[in-house]
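As they're listed, the protein sequences go chains V and W.
Read in my numbering, the first sequence has 211 at position 211, and its numbers run on one by one without any break.
Read in my numbering, the second sequence has 99 at position 99, and its numbers run on one by one without any break.
Treat the hints as calculated values from the structure; they're not laboratory data.
Any given hint could turn out to be false.
The list makes no distinction among identical chains, and a pair is therefore deemed to hold if it is satisfied within one copy or across any two copies.
[Claimed, not checked] Pairs of lysine to any residue, SDA-like flavour, derived with a Cα cap of 25 Å:
1. K183 x R51
2. K183 x T158
3. K183 x S146
4. K183 x E199
5. K183 x T116
6. K183 x L93
7. K183 x A105
Residues per chain, in single letters:
Protein chains: 2
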Amino acid sequence: VSGGAPGGFSFTPLPTAEVRRQEGYLVPLADAVRDLVDATIRSTVPEAEVREVTALVEAATERLRARQLDGAAGVHLNGEGYSWQWGNAAVGLRNAAAPPMRIEADGAGVHRADVTLGAAHEGPPGKVHGGVLALLLDHLMGVAASSGRRPTLTGTLTIRYRSATGLGPLRAEAWIDREEGLKTVVLARVAAAGATTVEAEGVFVVPRWAREYAARERANGTGG
Amino acid sequence: VSGGAPGGFSFTPLPTAEVRRQEGYLVPLADAVRDLVDATIRSTVPEAEVREVTALVEAATERLRARQLDGAAGVHLNGEGYSWQWGNAAVGLRNAAAPPMRIEADGAGVHRADVTLGAAHEGPPGKVHGGVLALLLDHLMGVAASSGRRPTLTGTLTIRYRSATGLGPLRAEAWIDREEGLKTVVLARVAAAGATTVEAEGVFVVPRWAREYAARERANGTGG
Chain V
1 VSGGAPGGFS FTPLPTAEVR RQEGYLVPLA DAVRDLVDAT IRSTVPEAEV
51 REVTALVEAA TERLRARQLD GAAGVHLNGE GYSWQWGNAA VGLRNAAAPP
101 MRIEADGAGV HRADVTLGAA HEGPPGKVHG GVLALLLDHL MGVAASSGRR
151 PTLTGTLTIR YRSATGLGPL RAEAWIDREE GLKTVVLARV AAAGATTVEA
201 EGVFVVPRWA REYAARERAN GTGG
Chain W
1 VSGGAPGGFS FTPLPTAEVR RQEGYLVPLA DAVRDLVDAT IRSTVPEAEV
51 REVTALVEAA TERLRARQLD GAAGVHLNGE GYSWQWGNAA VGLRNAAAPP
101 MRIEADGAGV HRADVTLGAA HEGPPGKVHG GVLALLLDHL MGVAASSGRR
151 PTLTGTLTIR YRSATGLGPL RAEAWIDREE GLKTVVLARV AAAGATTVEA
201 EGVFVVPRWA REYAARERAN GTGG
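Bound-form chain V, shown alone:
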């Protein structure tokens, strides 16, 4: 029931209201699994108990796998122009390995995410892993870049770690600095406990499939 679209996106004729209804029971499962990931790291219960819980988890997985997609979740778009990417590594609502990241636009060009990170995001003792900050920034900056109303992919990402970011609440912000031809330059920062701990610059590029699609639409006189 899905059709191919440029860039590997799938046209899927699922009404937005139905997507939201399914999220109503699928997202709580993902949130419960995210909580289990945290408990799996922090638990100090005895060996016999760990082995019993492992068997429970395997049974839960088997029930979910009774019917499943062949591969990854993909990125879907319906006839209402609504898009969902349930498996996305940064923001996928069904991805328990993704940080609990929700992105908001402030209306003045800044995209922002307030995220609270814990035991699953540790690098140096008690600090956020630099790679997790890179994941958050890469995604947030990509959203900011695409808000310039053309699809983009990350070209080059430069991240400057000013100081360690403690586990707990943090704020990430990204905004378009300038557009140069097919490139969009985005700046970003992470702040925790009132101080900027990370700064980043990203160069995002319009992918070839989008340039070719736009060229075809123009040739057909249907694009704008």
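Given the coordinates of chain V, assemble chain W onto it according to the supplied hints.
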């Protein structure tokens, strides 16, 4: 039973053999939870079944939380010089959100990780999320930098995405290019399906706590 050490590391008097014995039942739990994360994204079972599995997962979490650490897992070091970081976001053996990454040194200065990525690591449709590649590279490059026999933290990380990396097996490699004073410059690449898809350069710096510790040891005539 843990003592503080420079940089927030904990001296923990657990023999290496006991650490390994505990990993014998704790790692299978984390692997089972990683498999559950994948099934949570890909399952298409009916709503009632999802709700029942969610309750099972919540019960498993409650059993694990009967006894647990107050916070994150930290980084531990025992009297045998063996170190473990079970919660680490990139390589933590108890972290089901971490990609299944194992790093090996080839003896000729290259650190390497062969990793197979799936539904939980998706960004563009069917492709690895650029931020997941940044997480893998940040960690691998940090290990390569510290193999120069001094502790380092990421200063600046520059990642060039040459082409999309398909989900499935990939190889990441990192090596020290040069050392300049307190900085270590590391180069890295990701290859998938025989082609280099990502290149990276990182500048790693010796953290202040390590410089101060070394200075104190020298002043005491105990360091070298």
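We went through each hint and held it up to the structure:
1. Taking identical chains as interchangeable, the C-alpha atoms of K183 and R51 are never at most 25 Å apart, the minima being 52 Å within one chain and 45 Å between chains.
2. In this assembly of identical chains, the alpha carbons of K183 and T158 lie at most 25 Å apart whether taken from the same copy (15 Å) or from different copies (17 Å).
3. Taking the closest pair of Cα atoms, K183 and S146 come within 25 Å of each other only inside a single copy of the chain (11 Å); across copies the shortest separation is 35 Å, beyond that limit.
4. For the identical chains of this complex, K183 and E199 are neighbours both inside a copy (20 Å) and across copies (19 Å), given an alpha-carbon limit of 25 Å.
5. In this assembly of identical chains, the alpha carbons of K183 and T116 never lie at most 25 Å apart, being 32 Å within a copy and 31 Å across copies at closest.
6. Neither within a single protomer nor between protomers do K183 and L93 lie at most 25 Å apart by alpha-carbon distance, with minima of 29 Å and 39 Å respectively.
7. Taking the shortest Cα distances, K183 and A105 sit within 25 Å of each other inside one copy (21 Å), while across copies they are farther apart (37 Å).
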